[in-house]
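Could you use the hints to bring the two separately framed chains together as a complex?
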Amino acid sequence: MILPAVCLVLTIAIYGFVKRFYKKYPKIYFTPLVVTPAILVLLLVWTNIPYNTYDAGAHWVTDMIGPATIVLAVPIYKNLPILKKHAFVIVSSVLFGSTIAIVTTAWIAKALNLDARLIESLAPRSATTPIAMAVSKITGGIPTITAVIVLLTGVLGIVLGPLVIRFFGIRNDVARGVLFGTGAHAAGTSKAFEFGSAAGSISSIAMILTAFFTFMTVSLVIGFFI
Amino acid sequence: MSTWLKSAAQVVFLIAFSWLMNLIMEICHLNIPGSIVGIVVLFVLLQTKVVKLEWIDLGAKWLLAEMLLFFIPSAVGIVQYKDLMLASGLRILVVVVVSILVVMAATGLMAENLAKAKETNAS
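Those protein sequences? They're chains A and B, same order as listed.
Residue numbers for the first sequence follow UniProt numbering, beginning at 1 and rising by one.
Residue numbers for the second sequence follow UniProt numbering, beginning at 1 and rising by one.
Just chain B, same shape as in the assembly (with noise of 0.2 angstroms):
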């Protein structure tokens, strides 16, 4: 089997994977979004070596690679919201853009300042 049909094939199965985990969720009135809790099924199952990787690998590579396209009809969703990006946008953008500055530069410095004390305990 060429690796093309290969990566396809996995494809199908993992879409039919997180189906399935959406559709438990659903029927037992889980309010936690079923790719969440597909992410520790499926961690488990690798664990567990039922599910091998080999059967998953060449596909998973392929969702992550273009991960970035299965979020851009939502971005284009925006257009929805014309009068609100004109009347608030402005704000959301300062809002959203000082935040992340603050998480990123806390969280990295954080765990870069941690990452080394414990290096240097290490030694």
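For reference, chain A alone in the conformation it holds in the complex (with noise of 0.2 angstroms):
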């Protein structure tokens, strides 16, 4: 009882901790959703602290991804104006970018001889994740390893996504949120709006697409490559 609940307070702590130095030091390696994660990871190796343990406190923490889902909501209400005048562009560009993010996904995944249950797990990565791991179940992959597969979307698209956005020079703010929102989820959607409300609630629309085709195409795609 006591252990998972210090878990909990631990996991609260390091990342209040660890984005408070973001701040200070925003650099790319600091970001707290790949710090905070390695140095828990850590510590219950260290310990060893099975996970099952640790998830029995931090489960609290994850519970709060339905609300705070659910409140995307509210930007999409205060920017509609915005949305709705881009509604063409955001609509075609992820319905384009949610069907590359499966066909390369698994694609990569076979020519690199993943087996198949780990390319049914992938494929889903795009979208948030209830809908990735109803999608993986659905389709005969590992909801869990596809829980963590989406998190590391999550993670690398944080990092990769302004270093493209400077790579090809892109400036506007309904194209900084469809590549967030598109490429890494929920996690891409809270970097996107570091650019801005615009390009934050354009990304979380960007999101709820991506969840939506994600979940009417990938056994479609997946069929091709399996």
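It should be emphasised that the hints constitute simulated quantities derived from the structure, not laboratory data.
Model, not experiment: these values are computed from the prediction.
Just so you know, even glycine gets a beta-carbon here, dropped at the ideal spot from N, CA and C.
If a hint is listed, it holds; no wrong ones were tucked in.
Derived coverage of chain B by chain A (criterion: at least 3 residues anywhere in the stretch with Cβ under 8 angstroms from a Cβ of chain A; other residues may be distant):
no.	stretch
1	7-15
2	25-37
3	45-57
4	64-73
5	82-94
6	104-116
Computed list of lysine-lysine pairs in DSS-like fashion (alpha-carbon distance at most 30 angstroms, straight line):
no.	chain 1	residue 1	chain 2	residue 2
7	B	Lys49	B	Lys6
8	B	Lys52	A	Lys85
9	A	Lys84	B	Lys49
This is how it looks when you write it as structure tokens:
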């Protein structure tokens, strides 16, 4: 009982500390979503605490993903005029991007000889966690592995997104928003808000559309590769 | 009421709302996550003024600002797959990195060019 509670407190405390540190030294490799889990993994391995014990406390934090996802309705509501104005660009780019996400993931995974269950677990990785896990279950993947890979996508998306934006000189808020929301779901969306409220809400919409398109198309696309 | 208390009360309300959405999805045997349906429902409630923005604005701001925290325990979940990561981790990393780069570049460039084309058409 005590150990899970300690794990819960430690998760929040280390995150708080890392976040403050990141604010002072905003370097990519200090991203809280990279550094905090790394510290916690080392702690668990070092103290021999099994993940189940850790999660018995920490799942209270995970449970907040639900309400945190739902309140994405608020920035969408506030930025409705911008979203309406760019509806066509957003929908067509996200449809294009989320299809590319599934196809390239399955194709590269297949080319690297990863086994079928892993390809099925990887394919919906661009969708937000609850959707990706549901899709993974339907197509025959392993939902818990999908959850970890979705997270990996989020972490890497936060790191790679700004590099892509800089490399291609992407200046448009709509483009920045769809890039983060389609490429890195909710984690990317939180990064998109650093580029402004408009980019953030466009990213929220892109994330929802990506989840929706992924839900509709993954089983179709996977059929071609397995 | 202080801002802090207001935020906390609003967060509690939003947690209850989220819990209710999951419950409804479960009762109806729908395979759609409650949080996704919840976005749509909350948006409609805001749009129809059934829920006023100031009832949830502070709580929403806090939840969105701390979003990354909520993903951390799932990220720590990687410790359960040590063998898998040792055997296939590098290949998984290659898949995810390459795919993200292609997706982000394609999506971003397409939107940038479509938006530009629209502007030139308009002017």
